[in-house]
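Asker: Fit chains S and U to the supplied structure of chain G, relying on the hints for placement.
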Amino acid sequence: MSMSMRKKRAIGGLVTYLMVIAAYLVCQYLLATGGMTRSLRGQLVPICVWVVMAVSLNLVVGVSGELSLGHAGFMSVGAFSGIVASGWMLGAFQLENEVVRLLLSMIVGGVFAGIAGVLIGIPVLRLRGDYLAIVTLAFGEIIRNVINCLYISIDQGRLHFAFNDSNIPGELLVSGPKGGVGIDTIATFGMGFTLILFTLFVVQNLVNSRSGRAIMATRDSRIAAESVGINITKYKMMAFVTSAVLAGMAGALYGLNFSTVAASKFKFDTSILVLVFVVLGGIGSIRGSIIAATLLTILPEVLRAFSDYRMLVYAVVLIVVMLATNSPFLSVRLQRVKALLRRRNTNPGKEGEAA
Amino acid sequence: MTQQHKRQSDTKMVPVPSHSIVPERDVDKRPVLETRHLGVEFGGLKAVEDFNLTIGQTEIAGLIGPNGAGKTTVFNLLTKVYQPTTGVVILDGKDTAGMNAVQANKLGIARTFQNIRLFGNMTVEENVRIGLHNQVKYGMFSGIFRLPAYWKQEKKQHEKALELLSIFDMQGMAQYRAGSLPYGAQRRLEIVRALATHPKLLLLDEPAAGMNPHETEELMENIIKIRDRFQIAVMLIEHDMNLVMGICEGICVLNYGRIIAKGTASEIQQNPTVIEAYLGKRKEGRA
Amino acid sequence: MTQFLSYLCNGISLGSVYAIIALGYTMVYGIAKMLNFAHGDVIMIGAYIAFCAMQYWGFPPVISVLAAMVVCTVLGMVIERTAYKPLRQASSLAVLITAIGMSYLLQNVALLVWGANPKSFPSVVSLGSLSLLGGQMTISGEAIVTIAACVVIMIALTLFTGKTKMGKAMRVVSEDKGAAELMGINVNLTITVTFAIGSALAAIAGVLLCSAYPTLQPTTGAMPGIKAFTAAVFGGIGSIPGAMLGGILLGVIEILGKAYVSTELGDAFVFAVLIVVLLVKPAGLLGKTVHEKV
Numbered sequence: 024m025s026m027s028m029r030k031k032r033a034i035g036g037l038v039t040y041l042m043v044i045a046a047y048l049v050c051q052y053l054l055a056t057g058g059m060t061r062s063l064r065g066q067l068v069p070i071c072v073w074v075v076m077a078v079s080l081n082l083v084v085g086v087s088g089e090l091s092l093g094h095a096g097f098m099s100v101g102a103f104s105g106i107v108a109s110g111w112m113l114g115a116f117q118l119e120n121e122v123v124r125l126l127l128s129m130i131v132g133g134v135f136a137g138i139a140g141v142l143i144g145i146p147v148l149r150l151r152g153d154y155l156a157i158v159t160l161a162f163g164e165i166i167r168n169v170i171n172c173l174y175i176s177i178d179q180g181r182l183h184f185a186f187n188d189s190n191i192p193g194e195l196l197v198s199g200p201k202g203g204v205g206i207d208t209i210a211t212f213g214m215g216f217t218l219i220l221f222t223l224f225v226v227q228n229l230v231n232s233r234s235g236r237a238i239m240a241t242r243d244s245r246i247a248a249e250s251v252g253i254n255i256t257k258y259k260m261m262a263f264v265t266s267a268v269l270a271g272m273a274g275a276l277y278g279l280n281f282s283t284v285a286a287s288k289f290k291f292d293t294s295i296l297v298l299v300f301v302v303l304g305g306i307g308s309i310r311g312s313i314i315a316a317t318l319l320t321i322l323p324e325v326l327r328a329f330s331d332y333r334m335l336v337y338a339v340v341l342i343v344v345m346l347a348t349n350s351p352f353l354s355v356r357l358q359r360v361k362a363l364l365r366r367r368n369t370n371p372g373k374e375g376e377a378a
Numbered sequence: 005m006t007q008q009h010k011r012q013s014d015t016k017m018v019p020v021p022s023h024s025i026v027p028e029r030d031v032d033k034r035p036v037l038e039t040r041h042l043g044v045e046f047g048g049l050k051a052v053e054d055f056n057l058t059i060g061q062t063e064i065a066g067l068i069g070p071n072g073a074g075k076t077t078v079f080n081l082l083t084k085v086y087q088p089t090t091g092v093v094i095l096d097g098k099d100t101a102g103m104n105a106v107q108a109n110k111l112g113i114a115r116t117f118q119n120i121r122l123f124g125n126m127t128v129e130e131n132v133r134i135g136l137h138n139q140v141k142y143g144m145f146s147g148i149f150r151l152p153a154y155w156k157q158e159k160k161q162h163e164k165a166l167e168l169l170s171i172f173d174m175q176g177m178a179q180y181r182a183g184s185l186p187y188g189a190q191r192r193l194e195i196v197r198a199l200a201t202h203p204k205l206l207l208l209d210e211p212a213a214g215m216n217p218h219e220t221e222e223l224m225e226n227i228i229k230i231r232d233r234f235q236i237a238v239m240l241i242e243h244d245m246n247l248v249m250g251i252c253e254g255i256c257v258l259n260y261g262r263i264i265a266k267g268t269a270s271e272i273q274q275n276p277t278v279i280e281a282y283l284g285k286r287k288e289g290r291a
Numbered sequence: 436m437t438q439f440l441s442y443l444c445n446g447i448s449l450g451s452v453y454a455i456i457a458l459g460y461t462m463v464y465g466i467a468k469m470l471n472f473a474h475g476d477v478i479m480i481g482a483y484i485a486f487c488a489m490q491y492w493g494f495p496p497v498i499s500v501l502a503a504m505v506v507c508t509v510l511g512m513v514i515e516r517t518a519y520k521p522l523r524q525a526s527s528l529a530v531l532i533t534a535i536g537m538s539y540l541l542q543n544v545a546l547l548v549w550g551a552n553p554k555s556f557p558s559v560v561s562l563g564s565l566s567l568l569g570g571q572m573t574i575s576g577e578a579i580v581t582i583a584a585c586v587v588i589m590i591a592l593t594l595f596t597g598k599t600k601m602g603k604a605m606r607v608v609s610e611d612k613g614a615a616e617l618m619g620i621n622v623n624l625t626i627t628v629t630f631a632i633g634s635a636l637a638a639i640a641g642v643l644l645c646s647a648y649p650t651l652q653p654t655t656g657a658m659p660g661i662k663a664f665t666a667a668v669f670g671g672i673g674s675i676p677g678a679m680l681g682g683i684l685l686g687v688i689e690i691l692g693k694a695y696v697s698t699e700l701g702d703a704f705v706f707a708v709l710i711v712v713l714l715v716k717p718a719g720l721l722g723k724t725v726h727e728k729v
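Respectively, the protein sequence lines represent chains G, S and U. One gets our numbering by counting positions in the first sequence from 1 and adding 23 to each. One gets our numbering by counting positions in the second sequence from 1 and adding 4 to each. One gets our numbering by counting positions in the third sequence from 1 and adding 435 to each.
Fair warning: there could be bad hints in the mix.
Stated by the list, open to error - BS3-like, lysine-lysine: derived pairs with alpha carbons at most 25 Å apart:
1) U:716 to G:257
2) G:31 to S:159
3) G:257 to S:110
4) U:612 to U:468
5) S:110 to G:30
6) S:156 to G:31
7) S:110 to S:229
8) U:603 to U:723
9) G:201 to U:693
10) S:50 to G:257
11) S:159 to G:30
12) S:141 to G:30
13) G:30 to S:156
14) G:31 to S:160
15) S:160 to G:30
16) U:723 to S:50
17) G:288 to U:693
18) G:31 to S:164
19) G:257 to S:160
20) S:141 to G:257
What the hints contain is simulated information worked out from the structure, not anything from laboratory work. In this text the structure is predicted, and so the values were computed from the model without any measurement.
Here chain G stands alone, though its shape is the one from the complex (with noise of 0.2 Å):
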């Protein structure tokens, strides 16, 4: 092989930031010369946020390998906390200016969603397998029952918080079951499109450190791993944790998008469109995880037209695309093209690769 995999790699990475950027200045061409429907318009952010959740959440299933379903639940804590920390920015210091307040509300939904991680992840990652998964999901919903519950108000710059009791002095920030309200829409495509590249960023470069290569080794063998020193928990941990604080900013981002945001946005089923992002772009390839956030989120949208089939169309196409890329019988096939492509590329000779 004349290119090594560390240098593959490295290419790769870079390949994905271009890929992400290039799609950038194509939608703010589009947008500049209003090439862009209204409908597609307002799924600019909602896009980034999916595909900063589908990102971290491939860190935790695809790098470390443990199936979690409560991944809504820390784009919530992370979307309620940037709610009420722009709330209290706005009501208690005046700060005015949009792209900081964004910014730290962000930051404040990433460290809130870090210590939900941090706090889920010591009882979860005692556990395995199907086990690990069903405690997160249990998490995720444990997480939106109690915000179904929180009332937090605004008044004369002071926070108050009260459970099942709305009757709190001030204005009202996040309302039991009717969520974030009045909610002021700062977030812009700008910084979803920079927090994605943030994302690729630590992520990325998170893989391919130590740190990384210690987390793919409790994921290949937990029994090797140890074998060679390696602090299973610590590493499946810091995976747990980073992918948390991420999909907490991508939540503050996604939850400063709208005037209101229901607790019962950040359900099961948001959970498990996230798992399936990951699982069609393909586990552990974090370019086909943004492809596939990207795509999925746009479906929808495409096919209003047939307003009462989409829902249907995307099942379909979910079980289609799923069967073609992994039942024996096309995978087959699938690969013997590869095999003709890869031959026609690369001289024959000492091939270490499977790809």
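Answerer: Frame of chain G; chains S and U shown alone:
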């Protein structure tokens, strides 16, 4: 065969106070491993019982016995994959009671696996780098933000990894996917990965399994080379009697979880209990 | 005290429904090692079929339930053959996503056929309520029938897996697929039969669930499905008595939690108990811990 006999007869084995034998050169040094009355029970079944062994600092020791005798279980006890129900494991003078596998490795014990456990989707070099995890360090933030520590230590890891791979002349394979290597090379890579953790005692679980006679011969040379170069002790489980009798200085025979004989190769070969339990079967089923 | 007893009774009744659904999850998991997320939606389809049979075609309840069972059995087998069988060798995550796709598909088909408006489900139970303790406590006919159905199903399944040839084949396949094949057991048939049984049970569960909580809409099956799945894990996934125990305990915890802790946090309470149980017993109440061989 004669050459191999010469190799092992270089060493004179002498008793230490606890009535175990270690190579003469190690006799006034602290043994690297000492177990006393080590035993483990699984649901009432005593898989290993009253296992007493002393290994000198630079000894090559063999652990042999029929299939199911409990050899791998002993390895699992020494590396703390299993916690013993009785007895103690003293590694380089320290009691390992209550430790887990990670702590045992940090204390200086490393191993390979009977059923290969490489990180198959990663490259050969990355596998060795993972072995170097606790030797060449930098933190998560240095890694993400590419601080100077990252560049410096990555370079050091790269150099060390290639140096270790060169023991088996595997530098050229550094960028191959570990899972795509031939079987023998995978076994060698596991040894390199274990060596990367800087052990004092290296445990090899059937290192020659699946190798042809030529590869086995090379492996024997290499095990001795590793011992000499790193000045460490090696303990191996092996069914290939040429290998065991050829390079092991002290041999311990296990049957039904109990030690039935200990001694040098020639002592073991002449021991009637061993012949009955083990070598008697040698002609039919040598692995 | 009578208050508590009637909560307990409601809990056991709800738990019996969970248990019947959880049996479907656990049998399929035991044999195919997959989480069949579409199982909850098979429940919903079953309930709709029974609803149509009673309301539109005027069948008596018993015939309607049987019709629902037949349709669900066929549906379960079709789903297994078309969507899951081609993925026998694929990663468990791929199968999981396919099952999720199937769940979306069933929900959206139901949405197209029956609309989004909730239907009011007529009770299939004509049995009156039972008064106890001099009228201080009443148990509804639905609760009695549900609990009775659950007990009957439990006994029938235990006998089936213990005594019949197919039942034994199921146990063998769940232990070791390869070895079962070498022993001449038709693994594919066994898996299909497992799906058929699970889906027939789902139809019963759907009818019982909607008799007790009579709003029927395309998402009716989703939450009970997740809870029943939780129940299966709670009891130790793969274990039939475990699913039974897990289901009933979950129902009781949910009702008591809603009554005594907080109505809003009832579900959170259920999941919190699950987490605590799994931390103490990582393989569920009756599950076996499998150690990885080194």
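Asker: Take the hints in turn and mark each one as holding or not.
Answerer: Outcome of the hint check:
Simply put, residue 716 of chain U and residue 257 of chain G have alpha-carbon atoms about 22 Å apart, close enough for the 25 Å limit, and the pair holds. Distance restraint check for residue 31 of chain G and residue 159 of chain S: the Cα-Cα separation of roughly 18 Å lies within the 25 Å cut-off, and the hinted pair is therefore satisfied. As the CA atoms of residue 257 of chain G and residue 110 of chain S are separated by approximately 16 Å, the hinted pair is consistent with the 25 Å bound. For the hint linking residue 612 of chain U to residue 468 of chain U, the alpha-carbon distance of about 11 Å falls within 25 Å, and the restraint holds.
Pair hint residue 110 of chain S plus residue 30 of chain G does not hold up; C-alpha atoms about 32 Å apart against a cutoff of 25 Å. Distance restraint check for residue 156 of chain S and residue 31 of chain G: the Cα-Cα separation of roughly 21 Å lies within the 25 Å cut-off, and the hinted pair is therefore satisfied. In summary, the hint linking residue 110 of chain S to residue 229 of chain S is supported, as the alpha carbons are separated by about 23 Å, within the 25 Å threshold. Taking the CA atoms of residue 603 of chain U and residue 723 of chain U, the gap is near 19 Å; set against the 25 Å cutoff, the hint holds.
Annotation: proposed proximity of residue 201 of chain G to residue 693 of chain U holds, straight-line Cα distance about 21 Å (limit 25 Å). Between residue 50 of chain S and residue 257 of chain G the alpha-carbon distance is near 34 Å, which puts this suggested pair outside the 25 Å criterion. Simply put, residue 159 of chain S and residue 30 of chain G have alpha-carbon atoms about 15 Å apart, close enough for the 25 Å limit, and the pair holds. Taking the CA atoms of residue 141 of chain S and residue 30 of chain G, the gap is about 22 Å. The hint holds against a cut of 25 Å.
With a C-alpha separation of about 18 Å, the suggested pairing of residue 30 of chain G with residue 156 of chain S holds against the 25 Å cut-off. Among the hinted pairs, residue 31 of chain G with residue 160 of chain S is consistent with the structure: their alpha-carbon atoms are about 21 Å apart, no more than 25 Å. With a C-alpha separation of about 18 Å, the suggested pair residue 160 of chain S and residue 30 of chain G falls inside the 25 Å cut-off, and the hint holds. Only pairs whose Cα atoms come within 25 Å are accepted, and residue 723 of chain U paired with residue 50 of chain S is accepted, the gap being roughly 21 Å.
For the suggested pair residue 288 of chain G and residue 693 of chain U, the alpha carbons sit about 23 Å apart, so the restraint of at most 25 Å is met. With a C-alpha separation of about 22 Å, the suggested pairing of residue 31 of chain G with residue 164 of chain S holds against the 25 Å cut-off. Only pairs whose Cα atoms come within 25 Å are accepted, and residue 257 of chain G paired with residue 160 of chain S is accepted, the gap being roughly 24 Å. Taken as a hint, the residue 141 of chain S and residue 257 of chain G pair is honoured in the structure, with Cα atoms around 15 Å apart against an allowance of 25 Å.
Comparing the model with each earlier hint shows violations of hints 5, 10; every other hint is respected.
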